[in-house]
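Peer 1: Which chain is which? The protein sequence lines are U and E, in order. Each residue of the first sequence is one higher than the one before, counting from -18 in my numbering. Each residue of the second sequence is one higher than the one before, counting from -18 in my numbering.
Hints were generated in silico from the structure; no laboratory data involved. Take the hints with a grain of salt, since some may be wrong.
Put simply, identical chains are the same to the list, so a pair is met inside one copy or across any two.
20 angstroms max Cα-Cα, derived SDA-like pairs, lysine to any residue [said to hold, decoys possible]: (1) Lys197 / Arg70; (2) Lys197 / Gly180; (3) Lys210 / Gly360; (4) Lys197 / Thr61.
There are 2 protein chains.
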Amino acid sequence: MEARPSSNVDARVEALTSAARAAARALAAAPARARGTALGEAAARLRRTEAALLEANHGDVERARAAGESAAFVDRLTLTPARIEAMARGLEEIAALPDPVGETIAAWRRPNGLEIAQVRVPIGVVLTIYESRPNVTADSAALCLKTANAVLLKGGSEAQATNAAIADTLRGAVEAAGLPPAAVQLVDGGREVVRGLLGRDDRIDVVIARGGEQLKRTILEASRIPVIKHFDGICHLYVDASADLAMAERICLNAKVQRPSVCNAIENLLVHERVAPRFLPAMVAALRANRCEVRGDPATRAIVPSLDAALTFIARHSTGLAEAIVTEDLTAARRFLGEVDSAAVFVNASTRFTDGYEFGFGAEVGISTNRLHARGPMGLRELTTYKYRVIGSGQVRS
Amino acid sequence: MEARPSSNVDARVEALTSAARAAARALAAAPARARGTALGEAAARLRRTEAALLEANHGDVERARAAGESAAFVDRLTLTPARIEAMARGLEEIAALPDPVGETIAAWRRPNGLEIAQVRVPIGVVLTIYESRPNVTADSAALCLKTANAVLLKGGSEAQATNAAIADTLRGAVEAAGLPPAAVQLVDGGREVVRGLLGRDDRIDVVIARGGEQLKRTILEASRIPVIKHFDGICHLYVDASADLAMAERICLNAKVQRPSVCNAIENLLVHERVAPRFLPAMVAALRANRCEVRGDPATRAIVPSLDAALTFIARHSTGLAEAIVTEDLTAARRFLGEVDSAAVFVNASTRFTDGYEFGFGAEVGISTNRLHARGPMGLRELTTYKYRVIGSGQVRS
Chain U
-18 MEARPSSNVD
-8 ARVEALTSAA
2 RAAARALAAA
12 PARARGTALG
22 EAAARLRRTE
32 AALLEANHGD
42 VERARAAGES
52 AAFVDRLTLT
62 PARIEAMARG
72 LEEIAALPDP
82 VGETIAAWRR
92 PNGLEIAQVR
102 VPIGVVLTIY
112 ESRPNVTADS
122 AALCLKTANA
132 VLLKGGSEAQ
142 ATNAAIADTL
152 RGAVEAAGLP
162 PAAVQLVDGG
172 REVVRGLLGR
182 DDRIDVVIAR
192 GGEQLKRTIL
202 EASRIPVIKH
212 FDGICHLYVD
222 ASADLAMAER
232 ICLNAKVQRP
242 SVCNAIENLL
252 VHERVAPRFL
262 PAMVAALRAN
272 RCEVRGDPAT
282 RAIVPSLDAA
292 LTFIARHSTG
302 LAEAIVTEDL
312 TAARRFLGEV
322 DSAAVFVNAS
332 TRFTDGYEFG
342 FGAEVGISTN
352 RLHARGPMGL
362 RELTTYKYRV
372 IGSGQVRS
Chain E
-18 MEARPSSNVD
-8 ARVEALTSAA
2 RAAARALAAA
12 PARARGTALG
22 EAAARLRRTE
32 AALLEANHGD
42 VERARAAGES
52 AAFVDRLTLT
62 PARIEAMARG
72 LEEIAALPDP
82 VGETIAAWRR
92 PNGLEIAQVR
102 VPIGVVLTIY
112 ESRPNVTADS
122 AALCLKTANA
132 VLLKGGSEAQ
142 ATNAAIADTL
152 RGAVEAAGLP
162 PAAVQLVDGG
172 REVVRGLLGR
182 DDRIDVVIAR
192 GGEQLKRTIL
202 EASRIPVIKH
212 FDGICHLYVD
222 ASADLAMAER
232 ICLNAKVQRP
242 SVCNAIENLL
252 VHERVAPRFL
262 PAMVAALRAN
272 RCEVRGDPAT
282 RAIVPSLDAA
292 LTFIARHSTG
302 LAEAIVTEDL
312 TAARRFLGEV
322 DSAAVFVNAS
332 TRFTDGYEFG
342 FGAEVGISTN
352 RLHARGPMGL
362 RELTTYKYRV
372 IGSGQVRS
């Protein structure tokens, strides 16, 4: 009998997920100190294996060039000594953050004497799917290791040799710290293996999708496992009748042009009709001076007759990531904060602050566009879940 | 041109979800007092429309009898004046609970002066799918109304007339309180409409699946929307070498026979080999005296050589809902609490306490077997999510 290719895929999926599951259990039981040791050791080994990492990366870069990839693509893919040093420092920074695992979220005593505590625990097995930048391999592995989650890393095929070299280095460090190397596994194999993994909701607890919109939509279609999405935002800035217009211009420019390609940059500018004549000409000129094309039917896109009209427009067009109001009016600020249903709602500040580091989380897993479990900027806590620990003295239920 | 049936289904799905979305926005903006008024009014109207509810129910009961349904099924379906009074009192109890919406989960100030608050907000639109007991209609609607979520209720077809009468009463109360009646909608239409709803992840934010295992698995297969599952548990009780054996017997009997059909009753009893000869004969006799059939290969199911063996057995066979240890040994208790990866882990208490009321939540949406968003007993908070409110004074990102 011939082995069918699909049974090879099944066997690979089974091996990866079964090892990850076992590693997750061992990680959860291991002391936090071992995870810290592994992260420190991983940073040291990344620096030590610089030459090997650069050589592996050189092969990926040559293949990408030969395949005619764009200069920007090749740049994202390329490792340099400085980028390896930045990866190593990133691991050390994650190691230095407070450990969220074991944190007591709430604790109380019931009238029958039961003592209940809700405590943070690892999620379990995390599958991270991402594209091109090899630093995501080190970063994702470190965030999961810090939170005692086993991780399956599926990077882009164009970075396979680089990712394999980074993952090998990390696995060595994990093993040296007395932890199971299967805590960090690189997924080798193509789309069929990924499709197989996305069906294993018995073994994998969450999928984190980072990368292009098409990749994320494909994952969402195929997955039986909860997916933490990182979709692009359609973000709004509303300039109220009472706004400080100089502040509004600063915030608008920052939110639009400081880094236009990111998810928390604004797409739509709404201006109260009472200030539009004073505000818009200079604002449009400033945006154009920053090479920003300004579009739109003034009656529906830019000028709004009221806060209510702005709220209605935002409710219809926002993707729920980040919106901001510029206003000096307390009632308008309170209504905007209350009624805009987005992950982050700003008064008199740029939407660009929708970010794990800017929020003070010390790390960023991503910016979730889910409503449940994790919404908006994700730090280490969002890589945990909780369980209830209940201590009694023989209580039974009547 | 003839209208195809599927376009009727699409139109129905579109109408239900579009009305629910608009209602969710209005509910989120309405004052908490209006929701309280609606719940109080709903209780009063349930009592006032007793005769109409009983009449609608009579029709459902007659159809179920004619269809040859079991006596237990017909009993679950039947309304009585006492059951209507219990429904009304249930609504009043939910109305009296603290409002989780608007609660500040955490708040902090960044070095740049940004003030960030993480606050609880409604999830949005909830689809609840359930079977036979009509009180779930009132209960689900009230829990969602309390938390400012719009709800789509899909009950069993055998209770359709009863559910419609209850939902009409509630909608009247919602409208009388000045809230949009589409906050509570009963889903009329069969499986095709449900399948259509489960595809609308653009309009529905979460599905709560209550009812039989088959129903829940079907929903999970079909849904593009996050599903909060309430699957049955495989729960374990481990009697440690150091256990107070009289306590162990009380807890085991309670966990097994007090209400054997529920998800938090135990399936597997594990006994340390050192106490098995003293413990098992009396325990098995007690279980049998309570008409409980005791099965199993003693080497693999009941007697374990150590705590480690018990932990390994539980890791393999538990569904992660609730497990308990009976022990007088602190180290064993701490290891069990730390290493058992279940929603609720008990020391010296019955697994039957895995329950929203027993945990002190004042209400129970269900007992989730998800790991993310809501794990274990769900109260009102688990019907909320959060957003970040950020107040600045003109900050831009550099």
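Peer 1: With reference to the structure, classify each hint as holding or not holding.
Peer 2: Hint-by-hint comparison with the structure:
Taking the shortest alpha-carbon separations for Lys197 and Arg70, neither the intra-copy value of 29 angstroms nor the inter-copy value of 46 angstroms comes in at or below 20 angstroms. For the homomeric pair Lys197 and Gly180, the shortest alpha-carbon distances inside one copy (16 angstroms) and between copies (17 angstroms) are both at most 20 angstroms. When the C-alpha separation of Lys210 and Gly360 is checked against a cutoff of 20 angstroms, the pair qualifies only within one copy, where the shortest distance is 15 angstroms, while the shortest distance between copies is 26 angstroms. Proximity of Lys197 and Thr61 under a CA criterion of 20 angstroms is satisfied in neither setting, with 28 angstroms inside one chain copy and 51 angstroms between copies.
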